[in-house]
Amino acid sequence: MPGLNDIISVSAGLNAARYNDYSGLEIISAVGSAENPLSACVGINTGLVVAGNLGSANRLNYSVIGDAVNLVARLESLTRLYNVANIVSAASMSAAPGFVYRELDEVQVVSKNRSVSIYELVGAADTVTPVKQEELALFASALAAYRQQDWLRAREQFTQLLETCDNTALHRVFLQRIEHYEDNPPGPDWQGVYTFDKK
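Per this note's numbering, the sequence shown starts with residue 3, numbered consecutively.
Computed Cβ-Cβ distance ranges for the label pairs, DEER-style:
{"no.": "1", "residue 1": "58", "residue 2": "130", "range": "46 to 52 angstroms"}
{"no.": "2", "residue 1": "128", "residue 2": "60", "range": "48 to 54 angstroms"}
{"no.": "3", "residue 1": "32", "residue 2": "63", "range": "23 to 29 angstroms"}
{"no.": "4", "residue 1": "67", "residue 2": "92", "range": "18 to 24 angstroms"}
{"no.": "5", "residue 1": "50", "residue 2": "82", "range": "25 to 31 angstroms"}
{"no.": "6", "residue 1": "50", "residue 2": "153", "range": "37 to 43 angstroms"}
{"no.": "7", "residue 1": "198", "residue 2": "129", "range": "28 to 34 angstroms"}
{"no.": "8", "residue 1": "28", "residue 2": "55", "range": "25 to 31 angstroms"}
{"no.": "9", "residue 1": "167", "residue 2": "55", "range": "42 to 48 angstroms"}
{"no.": "10", "residue 1": "140", "residue 2": "62", "range": "46 to 52 angstroms"}
{"no.": "11", "residue 1": "161", "residue 2": "55", "range": "50 to 56 angstroms"}
Calculated directly from the structure, the hints in this document are not laboratory data. The structure presented is a predicted model; accordingly, all values stated were derived computationally and were not measured. For each residue, glycine too, the CB sits at the ideal point set by N, CA and C.
Please model the entire structure based on the sequences and the hints provided.
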């Protein structure tokens with residue numbers, strides 16, 4: 003079970019979600035600008051949790067538990083695959099307007115029966131450059147083509163992003179999936195959901 007130190011943000015309440023997004027950006031900025039930079043990955047989710055002391059009288063541990071906690075732990079672990087500093091749930095994105103998000107994927111994580119949309123928190127709305135906005139629009143178009151099984155258009159756009167953007171790992175994820183799906187078509191009922199079988 004994830005401990006409090008493993009969970010950056012799990013919250014209930016609209017204002018808390020907004021502050022969590024600002025906090026996530028501040029953490030990423032502070033870590034990246036340190037004299038000896040570290041790599042930090044942040045999962046952000048909004049939901050109900052149970053918080054308190056858990057354990058026996060001899061050994062108490064203050065922690066949070068609940069479905070929202072489990073999901074945020076999965077989101078944090080996915081940051082490495084997509085090579086992003088943060089992943090935000092749809093619940094947190096909806097609760098925290100005023101930011102720019104990139105939809106990354108629709109995934110079904112381990113131990114969940116339903117898929118979830120996941121997003122990258124790009125920045126506060128007034129800080130995102132026109133160049134970055136163009137990149138995000140092209141990514142959204144490529145993701146839409148991927149979900150429509152328009153492999154040719156999706157490959158062309160993800161390849162363009164691969165050549166012009168700094169997060170090559172993110173675009174390679176989709177290019178590898180496209181190659182797989184061309185050989186193993188997902189079928190007409192596929193909704194673009196990627197299922198993970200490992201934590």
